[in-house]
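Novice: Put the complex together from the two separate chains, hints included.
As they're listed, the protein sequences go chains A and B.
Read in my numbering, the first sequence has 85 at position 85, and its numbers run on one by one without any break.
Read in my numbering, the second sequence has 1082 at position 82, and its numbers run on one by one without any break.
Think of the hints as simulated: they come from the structure by calculation, not from any bench.
Honestly, I wouldn't trust all of these hints.
What the hints assert, rightly or not - Examples of chain B residues lying across from chain A (beta carbon under 10 angstroms, computed):
| hint | residue |
| --- | --- |
| 1 | V1072 |
| 2 | V1160 |
| 3 | D1401 |
| 4 | I1403 |
All residues carry an ideal CB built from backbone N, CA and C; glycine is no exception.
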Amino acid sequence: MTTYLGRRLLQMIVVLFGVSLIIFTVIAMAPGDYVTSKANPNMTEEKKQELRESMGLDKPIVQRYFTWMKNSLKGNFGDSLKFKQPVISVINTYVWNSFLLAVTSFIASLIIAIPIGVVSATKQYSAIDGIFTVLALIGISLPAFFLGLLVIKFFAFDLKLFPIGGMTATGSNYTGIQYWIDVLYHMFLPFLVLTVMNVGSLMRYTRTSMLEVIRQDYIRTARAKGLKEAVVIYRHAFRNALIPIVTILGLSLPGLFSGAIITETIFAWPGIGKIAFDCLSTRDFPFLMAFNMLMALLTLIGNLIADVSYALVDPRVRLK
Amino acid sequence: MKKRLISLLALTLSGMLILGGCQKAEPQPEENNQEEVSEAVEGYIPASDPSLNPVSGREDTLVIGIDAPEEVFNPLYWESAYDKYVVDTIFEGLLTVDEEGLPIEAMAEKYEISEDGLTYKFTLKDGLKFSDGSPLTTEDVAFTYTAACDPSYDGIADFVNVTKIKGSKAYKEGTADSIEGINIIDDKTIEFTLEEVNADAVYDFTTGILSKAYYGKEYSQGNLDYIKAYHKTPLGSGQYKLIETKAGQEVVLEANENYHNGKPNIPNLIYKVTSTETRMQLLQTGEIDMDMVTVNKDNVDALKEAGFLDLHIFPTNGYGYIGMNLENPKFQDIKVRQALAYGLNRQEIVNAVYAGGFADVINVPQSKESWAYYAGDNKYEFNKEKAIELLEEAGWKVGDDGIREKDGVKLEIKFTATSPNVVNDALIPVAKANFEELGIKFEAEQMDFNAVIEKVNNMDFEMFFMAWGLTPSPDASNVFASNGSQNNTGYANPELDALFNEGLKETDVEKRKEIYKEIYQILNEELPYIYLYQRRDMWVVNSRVKGFENQITPYKDYPASLYKLTLE
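In isolation and in its complexed conformation, chain B is listed as follows (with noise of 0.2 angstroms):
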C-alpha cells in the first residue's frame, strides 16, 4: 500500500513537471515605457497630535539619537559624521552656513575680502570666551589653522592643498617656522592671504576654534601628536560643553553660558547611541527626542500615525551615480553612454528602492537645492529604441547570438558592485533585462566597498555604482577636471577644465551662475557618469522641541540650531 501511494505521487509530479513545461512563453505586452512617478513626499510634516506625547519629567534634557561616534571631539581630527554633530555643538568657528548653504558670521562679527580676493579679514566678536571663562582671541584663531598645516598633522582637513593658504606649504615642508598668510592684527582682528583667488575658501573659516592655552601649551612646530590626549576631553567656545562621554552609549553635554549668542535654552543635552533597527521604537515610545531614519513609506506611514512626532524631509547632499572606465574603448563613445542611459529605467530602479516618492532621478551631478543647479538639456527618458537607434549609429551591429559586436568586439559589460548595498540589489536585475533588450551582455561581481574603491582607484573595471556626498561648494572639479583627484572614470575635457577654474575664480553669484549651467550642460549631454538620483534624508524631531522648523537643510545640520530651541 505505501509503495503504490508513493508511486502514485511520483507520477503525479513528474506529470505536473511535464505539463508544466509544455506552456508556451506568452509575448508580454509592451510595457508602459514611463514607470509611475509618484508623488514626492517633502518638506516640514508637523505633528498632527501632540497630545500624545508619552515624553515626561524631562523639561530640561533633549536626547538625540545617533550612531556611535569615535569619540574624536576635535574640529581637525573628527572623520565620522556622529563625531562631527558633537565637535559642531561643542565648538565653533569663526563663520557658519545658513539654511540655504551661503556663508554668515559666527564668532567673526564682520569679515571683508580685498579687491584682489587674495586677503581674508576677521573681526572677532567682543567678550568671546571659551566655555571654561578663559578669553578667546585671534591667537586661539591663529593657533587652530597654524595646527593644521603643522607637519606632523594627520587629519583630513586640508589648508595646505585646498585653501591654499599662503605660506602653509613651506611650514608643512619644515622651510619656515611660521606661516606667511596668517596675520595677527591686533586682539580682536586677524588675516588671512590665500595663493590664489578661490571663491569657496570662505567655507574653510567655518572650522571651529581651539583654545591656545589647552591645545597648544605643549605644541612646537612638527609635534602635534600629543594633542590625541585631548579628544575625549575637548574644550570649546560652541553651545554646550562636554561633561561625560561613555563609548558606545551616550555623550553627555550642558550649556555653554559663555556662549556668544547667549547660554542655550536648554540646559542639558544628551547625544544616545541608537541602532538602525530599534530608533523607530525609541522615538514612538518618546526615549529619544530626535534621530534620523531612514526615509520609505512604511517608516513614514508610522511616524505620522504616532501623531506627535514632527518630519523633517529633505533632499540628501549629494546623489548617487553609475561610473564608467573611459578609458576602455567601448565607453569612449558619447552614443554609447546616451545609449546606456536611455536603455536603462532609472525610475524604476528608484521605485524600487526608495518606494513612495523619496528620491528624484537626475541627470547633472548636483543637488536640486544648490543654488548653481541647473537641471540638465537632456532627461534622457527610459527610450528602448532611441537607445538601440544610438547603438546602431555607433556601429555595434546585433551578432548571431543576440549580444552586439563591433570590429570582433563584443558588447559585454562587468558590473563591480559593493555589497551589501540595496541599491545594486536593484540596480543588477533591471540593468541585467535592460541591457539585454538592447543586445548588451551585463554581468556583475560582488565584494566589499573598500575593494570596490581600491579596483576603481586602479582604474581595474569597468561599470559600478556609488555615491557622492556633496559641500556647498559646487565645485566638482576633483571628480570631473583632466587629472582631479577623486575623477575615477578617466574623463578629460579641457573646456570644462577651464569652465571649473573660471568658477572658482569668479566672485559674483549670478556670474557664476552662468558658468556653472555651462558646466552642467557639458556633464549632462556628455555623460561621464550615468546619473542615477537623489534621494532624501529624514530628521524626525518630537514635537515638544520648538524651533526646528526650517533649520534642517541640506546644507545646515541641526547642531548649528541647538541654542535655540526650546523644550514645551
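Same shape as in the complex, but just chain A (with noise of 0.2 angstroms):
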C-alpha cells in the first residue's frame, strides 16, 4: 500500500505541474486582461500601460509562468488583482462559507438519498418506486435559481419562518453557540435547495446500483441457502452497492470546496462560487490560478481516496 501511495503522490506532483501549465496558458490566451475589464472612459494610455506594468501583464507569457511558479513553490500565490490582498487570504476567507454549506447539504443528501434509493431497488416498479423516481428526477430538473425564489418565496416571505438572505443577521456580535445557531438558522434555505438538487441524482445511483447487485448470483446462493430477506438485502446486497457510492464520495472533493454560485448569489451567502466567477470576468489572474490549483489539487486528492476506498471496500480489487 505504501508503494502505492507513493507512486500516486509523485505521479500527483507530476500532473499539477502540467495542469498549472494548461491553465496559465488557457487564461493568458483569453482575449482581455484586467485592465480592459475595467473599461474605463477616463483611463488614458499611459495609465493602462502603468497599471499593466505593475501587474507584470507586459512581460511575454514563458517569462510570467516562471514568476509564477517560482514564487508559489515559495508559497507567494501573488496578490488579487481584484481584492488587493493576498489570494490565499481571499479564498481562505470566503472557502469555509461554501464548504460549510456544501458539506452539510452533501451530508443531508447521503443521508436521505441512500435509504430511498435502497428501498426504490428492492421494491423496483412498485408505487414507491415510482413516487420516489419521479420527485428525484423532479429535483434533478429544477434549476437553481428557480427553487431558490420559490423556496425565498414560500418559507422566508409568505410565512416568515427563515430569513431571506445573508449568513447571520444584521449588526448582529454574536459569539460561540448563539452565532452558530444564528449561522444555521440563515443556512436553512440555501441547504434545503442544495439537498433537493443532490438528493435525486444520489438516490438514482444508489437504486442503480443496488439494482445491480441484486441480480448478482451470489445474492441468489444466500438466498438458496436460507438467510433472511432482510439480512440478504442489508447486509450482503447494501454492502456491495456502497462500492460505487464510496467512489462519488471521493470525487465529490472538489465540488465541497468550489462554491455553487446560482444559489450562493441568490441567498447573498458569502461564498466563493460568486467570487470565482467574478475573477473570471475580470480576469483576476492570480486568483483564478491559485484557485484553479487549488481545485485540481483536490481533483487529484479526491481521485485517490476514491481508489483506495475502492480497493478498501471491494475485496476483488488490488491497487497495483
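Specialist: Okay, here's the thing in C-alpha cells:
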C-alpha cells in the first residue's frame, strides 16, 4: 500500500505541474485582461500601460509563468488584482462558507438518498419506486435559481419562518453557540435548495447500483441458503452496492470547495462561487491560478481517496 | 387496434402539416412608423401610506443594501462602485459635488483659482480632525496627492496624466523627490499648480484625504505596497467610521463625532450585502431601509403598492450606444451611418428592454441632465424610406439576392454582442428585421464582456453595443478625439479636436455651453456612434428615513447626504 501511495503522490506532483501549465496558458490566451475589464472612459493610454506594468501583465507569457511558478513554490501566490489582498487570504475568507453549506447538504443528501435508493431498488416498479423516481427527477431538473426563489417566497417571505438571505443577522455580534445557531438558521434555506438538487442524482445512483447487485449470483446463493431477506438485502447486497457510492464520495471532494454560484448569489451567502466567477470575468490572474490549482489538487486527492477506498471496500480489487 | 390508432394519429398529424404549409403569407399592413412612446415616470415618488411600515426596534440604525464590496476601502484604490459608497461614507475631500454636479466646498472653507487658471489655493476649515481625534492638516492633503503620484502607486486615480499636477510626472518617473506643483503654505493653506489649464480639474479635489500619520508612517518614494494592509481598516474624516467588515455580508459603521459638519444624526449605519433577486423582498419586509432596484414596470408597481417606500427615479449618468468601426470602408460614408440610424427602430428596442417609459432614445452622447446638454438637431426618427433614400444616394444598390452591393462588396454587418445582456437580446432581432428591409444582412456573434472589449480595443470588429458611464465633466475627448485613449471607433475630426481643447480651457460656463453645443451638433450629424438610450436608475427608500428628498441625483450619490438624515 505504501509503495502504491508513494507512486500516486509522485504522479500527482507531475500532473499538477502539467495542469498549472495548461491553466496558465488558457487564461493567458483568453481575450482581454484585467485592465481591459475596467473599461473606464477616463483611463489614459499611459495609465493602462502603468497598470499593466505593475501587474506584470506586459511581460511575455513564458516569463510570467516561471515567475508565478517560482513564487508559488515559495508559497507566495500573489495578490488578487481585484481585492488587492493576498490570494490565499481572499480564498480563505470565503471558501469555508461554501464548504459549510456544501458539506452539510452533501451529508444530508446521502442520509436521505441512500435509504430511498435501496428501498426503491428492492421494490422496483412498485408505487413507492415510482413516486421516489418522479421526486428524484423533479429534484434533478429544477434549476437552482427557480428552486431558490420559490423557497424564499414561500418560507421566508410568506411564512416568515426563515430569513431571506445572508449568513448572519444584520448588525449582530454573536459569539459561540449563539453565533452558530444564527448561521444555521440562515443556512437552512440554501441548504434545502442544494440538498433537493443533490438528493435526486444520489438516489438514482444508489438505486442503479443496488439493482445491479441484487441480480448477482451470490445474492441468489444467499437466498437459496435460507438467509432472511432482510439480512440478504441489508448485510450482503447493500454493502456491495455502496462501492460505487464510496467512489462518488471521493470524486465529490473538489465540489465541496468550489461553491454553488447560483444558490450563493440568490441567498447572498458569502461563498467562493460568485467570487471565482467575478474574478474570471475580470481576468484576475493570480486569483484564477491559485483557485484552479486548488481545485486541481482537490480533484487529484479526491481521485486518490476514491481509488484507495475502492480497494479497501471491495475485496476483489487489488491496488497495483 | 393499437396499430390502427397509431396510423390514424400519424395521418392526422401529417395532414395538419400539409394544410398548414399551404396557407399563404398575408402581406402585413404597413406598421405605424412611430413606436408608442410611453409617458416617462421620473422624479421623487413619496410613499402613499407610511403607516404600513413593518420596521420596528431599529430607531438608531440605518440599513442600506448593496452588492458585495471588494473591501478595498481606500479613496485612492477603490475600483467597484460598492467600495466607492463605503469610501464616500468614511472619507471626506477638500471639495464635494452638489445636486447639479457643480463643485462646492467640503473640508475646504474656500478655494480660489488663479487668474491664469493654473493654480488652485485651498483654505481648510478650522479644527478638522480624523475620526480618531487626530488633527487633519495640509500635511495630510499633500501626502494624499503625493502618494497617488508615487512610482509604485497602482490604483486607478490619475493625477499625473489627467489632472497634470506640475512635477507629478517627474515624481512618478523618479527623477524628482517631491512634487513641484504641491505647495504647503501653512497648516490650513495649500496650493496646487497644474501644467495646463483644465476647467474640470476642480473635480479631482473631491478625493478623500488620507491621514499621513496612519497611512504614511512607512512611506517613502517608490514604496507604497504596504498600504494594502490598511484597506480593511480605514481611517478617514468622513461622516461615519468603520467598526467592522464581514466579507460578503455587511459593513458596520458608527457616526463620527469629529465630522466637520457635526456628528451625523443616525448613530449606526450598516451596509448589508443583498442579491438582485432578493432586494425587492428585503425592502418589502423592511429588513433593509434602502437599495437600488432595477427600474421596470413590475418592480415600480410592486413597490408603490407596498405603500411605505419612497421612490427616487432619475436618469442614469450614462448612455447606451452602438459603435461602428470607422476604419471599415462601408461605415466611412456619413450617409450610410445616418441610414442605419434612420432605419433602426431604436424606440422599439428601448420599449422592449425598459418597458413603461424608463429609458429615452437619445441623439447625442450626453446625459439630458448635464448643464452642457444640447439635444441635437436631427432626431433620426425611425423612417425606412429615408434610410433607403440615403443608401441609394451613397451608391449601395440592391443586388439579385436582395442584399445591397457597391463595387462588388455586399452590405453585410457582423455584430459583436456581449452575452449575457438584456439590451442585445432585444437589439439583435429588431436590427436583423429592420436592416433586412433595407437590404442589409445583419448577423450577430456572442461572447463574454471582456472578449468583446479586447476585440474592440484591437479594432477587430464591425459593430457592437456598449454603454458608457459619465462623470460631471462634459469632456468626451477620450472617446471622440482623434487619438483619444478610449476612441473605439477610429473617429477623427480635427475640427472636433480643436473644440474639445477649447472646451477644457474655457472657464466661463456660458461660453463653455456654446462650445459644447457645437460639439454635440457635430456628433449628432456625423454619428460616430448610433446613440441608443439613456435609462433610469431607481433608489428605493423606506419612508421612515427623512432627508433624502431631491438629494439623490445623477451627479450626487446618496452617501453625500447620510449625515443629514434622520429616522422617524
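Novice: May I ask you to test the interface hint for V1160 (chain B) with respect to chain A, counting a Cβ-Cβ separation under 10 angstroms as satisfied?
Specialist: holds, 8 angstroms
Novice: Do the numbers back the hint for D1401 (chain B), that is, is its least Cβ distance to chain A under 10 angstroms?
Specialist: D1401 (chain B) check fails; min Cβ-Cβ to chain A is 33 angstroms, beyond 10 angstroms.
Novice: So, I1403 (chain B) near chain A? Judge it on the closest CB pair being under 10 angstroms.
Specialist: violated, 30 angstroms
Novice: Tell me if V1072 (chain B) is really an interface residue toward chain A, meaning its C-beta lies closer than 10 angstroms to one of theirs.
Specialist: OK, holds: V1072 (chain B) within 10 angstroms of chain A, min 5 angstroms.
In summary, the structure is inconsistent with hints 3, 4 from the numbered list given earlier, while agreeing with the others.
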